[in-house]
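Asker: If you want the building blocks of each chain, they are given just below.
There are 2 protein chains.
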Amino acid sequence: MLIPVILSGGAGTRLWPVSREGRPKPFMKLADGESLLLKTYLRAAHVGYGGELVTVTNRDYFFMSRDELARARLCDGHQGVFLLEPVGRNTAPAVAMAALYVANKHGRDAKLLVLAADHLIKNEQSFDKAVTDAVGLAAQDYLVTFGVVPDSPETGFGYIEAGQAIGGGRAVKGFVEKPSEDKAREYLLDDDFLWNSGMFCFKAGVFLDELSAHAPEVLKACEACWSEMREKSSLTDTMFEMPAETFNAVPDISVDYAVMERSARVAVVPVDIGWSDIGSWSAIRDMAEPDDENNRAIGEVIFVDSINSYVQSEDRLVAAVGIDNLLIIDTSDALLVANADRAQDVKQVVARLKAQNHGALKLHPTVTRPWGTYTVLEEGQRFKIKRIEVKPGASLSLQMHHHRSEHWIVVSGMAKVINGNQEIFVATNESTYIPAGHKHRLENPGIMDLVMIEVQIGEYLGEDDIVRFLDIYGRCQ
Amino acid sequence: MLIPVILSGGAGTRLWPVSREGRPKPFMKLADGESLLLKTYLRAAHVGYGGELVTVTNRDYFFMSRDELARARLCDGHQGVFLLEPVGRNTAPAVAMAALYVANKHGRDAKLLVLAADHLIKNEQSFDKAVTDAVGLAAQDYLVTFGVVPDSPETGFGYIEAGQAIGGGRAVKGFVEKPSEDKAREYLLDDDFLWNSGMFCFKAGVFLDELSAHAPEVLKACEACWSEMREKSSLTDTMFEMPAETFNAVPDISVDYAVMERSARVAVVPVDIGWSDIGSWSAIRDMAEPDDENNRAIGEVIFVDSINSYVQSEDRLVAAVGIDNLLIIDTSDALLVANADRAQDVKQVVARLKAQNHGALKLHPTVTRPWGTYTVLEEGQRFKIKRIEVKPGASLSLQMHHHRSEHWIVVSGMAKVINGNQEIFVATNESTYIPAGHKHRLENPGIMDLVMIEVQIGEYLGEDDIVRFLDIYGRCQ
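Going line by line, the protein sequences match chains A and B.
Numbering of the first sequence is given in the working numbering, commencing with residue 1 and proceeding in unit increments.
Numbering of the second sequence is given in the working numbering, commencing with residue 1001 and proceeding in unit increments.
Be a bit skeptical, because a hint or two may be false.
[Claimed, not checked] Subject to a maximum C-alpha distance of 25 angstroms in a straight line, what follows is the list of computed PhoX-like cross-link-like pairs (lysine-lysine): (1) A:Lys-416 x B:Lys-1391; (2) A:Lys-391 x B:Lys-1384; (3) A:Lys-384 x B:Lys-1391; (4) B:Lys-1362 x B:Lys-1029.
Rather than coming from a laboratory, the hints here were simulated on the basis of the structure.
Since we're looking at a predicted model, the values are computed, not measured.
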């Protein structure tokens, strides 16, 4: 039994403005239209043989994560299980909660394959082979890490120093902190040094034992969470919400510090699998095909006498004149222009936005909700226009606004609308009007997406002018 | 009698993406919200003392030009007169038509002050003084040019070589083509060399006589236009449309080549008036105040370790990381990122767009119509959303669409709507529905702007699905 456990917590501040709090790095779509999380689900389903996929993520990302799992269209028998954190507490508590779940449901000998939700692996075949090797070592009670064979003198990663061969892998001599550039160049020529990829494989019981030995306070705090959670849930549930107060008290520590660097039972499987942590826009750039001037473009771009540059545009025309070595990332509400050598410093923009509590830090113009999405198309004086997309079978809460009226025009699909005391169907090319103070509810009763244009009119148009009476997603409080 | 004549014909391709065919350089708004044309009207009204302002422009820009004149809110007594060209034929025919109009209406001794619609003059007082000098020379039957005292070794302008002093100016020894950089550096140190600004002052009759002497074929062709035009109009009209076929036959030649460089009666008034032809984005940049890192920003911009750069953004957040010497011009549907040393080459982008017959060459998302504006907010599958603004008292044509229905929602003001056989009023926060095949008309009967959201739904949503039945702006054919 091998249960893939996907840790989905990366903020990806270096990938602003595409990665933001409201839709962070795991949900970022690559040029092929697939998100990193979706790719991770596909990869995990391919190697897992327990039929279960466990995701540990913040509860804010539950519905979005479930949507990505649905988009992966895995064949029957793959059951998604979600362990939801109220706050981030680094990787040790996340892995510990997953290990407690797996040990309790499937037994202490069931193995976990811990994967990050925001990495890319190009060579899936080599990855499958490496997982097989890791499972073999895990069966011998090793805590197995995956060590990526370096192809550049990377100073942004920790390294693993490998020792003698054991089974399909090697023993671990030690872990090395992010090195200097000189050291990184040395390591590049030395077969014993590997990048610490943050992927692991081990039996649930072995991990919990080692955690108990080396970081007992973490295990104890996680067990308290587990007990409290179990009081409200059954092991057959697919969604577990960690109790906020108890989980808040769990130490913030990485699995490397808590266990891997301290345990004597660690092994490493060296891998050459086309791995990237997609750490910055430079990594995204490198995935696109360069032209003769070493320019790369996603979207409609005109290069005039420009070289070595990357432009990514969602829906606008971009013209570049006489530029060199730039990254230009264009989204509908924010634009980034950066020297490619300074890709790491994009996080400074996010820090600045954070200091200003700026809206562009958190939300995209398109906001994802459990029932679908809405996109603000324009805000003017006393009016706001949204495009609302509701998934088949989904419905918004029964709600009321004090300060705004809403005009709804269905442009695609069919809407079922409760408007005051009436229940009506609104078909494509029909409209309805919701006066301020009227209780209303929007539902998509059909089997295709409902697309609707909403024109709000009123003195105050903030999202907080909403009274929810009934909500299938538990958002009434 | 001094009649300002404003030549409004510049395409301003170096100022793409803000300047485009649909709204070219004279209509470009500066940071203070005023267009170059509006500033020219204010300047002209200040010095003119005939009560008339003559604009020579393409007929496509008539309504937009008239709007700018209205925005200038000139005090009573200033009458706008528009001479409309079907095609551009350079400056000699434009000035000749204006001279024919002025000579016929106000007599051959009335003076013209010829100004470009897309230049900027910072020092209005010095300009007023220079005009007084020029008028004095024009009274002595000189063709007066304004020669700008150079403050840089400019290779993009022609130069005027000044001779002995006469009246408030100097005689002209000759005109010099755009010089080499070495020559331009020499001229900068020599008081006799001045930039040819393209502004002039002369009596209508003197100009026509000199045109007859030096370019009789131009005068003859223009006189043919004038006669044909007069058959359909009265001298008290304020809008004269040049006959297309006859005007097409007028030679394409500049006023410098046709008259100034050939005439013996040319004088120059040297001026130091803070003049700029706003020839590229560098000129726009120079008008903004630099910060400590020599960055300049219009709009919301975050600079991280960036220097010497200019960012202009309409409504999006722009972040710049580690950049130097860039121009970043952000509009709602197109973005320009250019090395500041290559500002002249922006015209190459326009040339490329022209070769592709690209939409971003011609129109802004906001399109100006005689009755107001419309802005496309979103185009989706089978739907399109527009914000429509109708000026007080204005109305759209009585029209019909075969392939689309329209939902209209009034968000501000009052609409009078003809919908099939009905005539109704639609107030703020009310809506109406125009089915495909229904004749309809939209009017703003009020005294404040009407703002409306239109949601179009149908198989085909092109602007050419329109049958016009009645149009007060003469667009039925």
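Asker: To test your reading of the hints: which numbers does this structure violate?
Answerer: Hint check: 1 fails alone, others pass.
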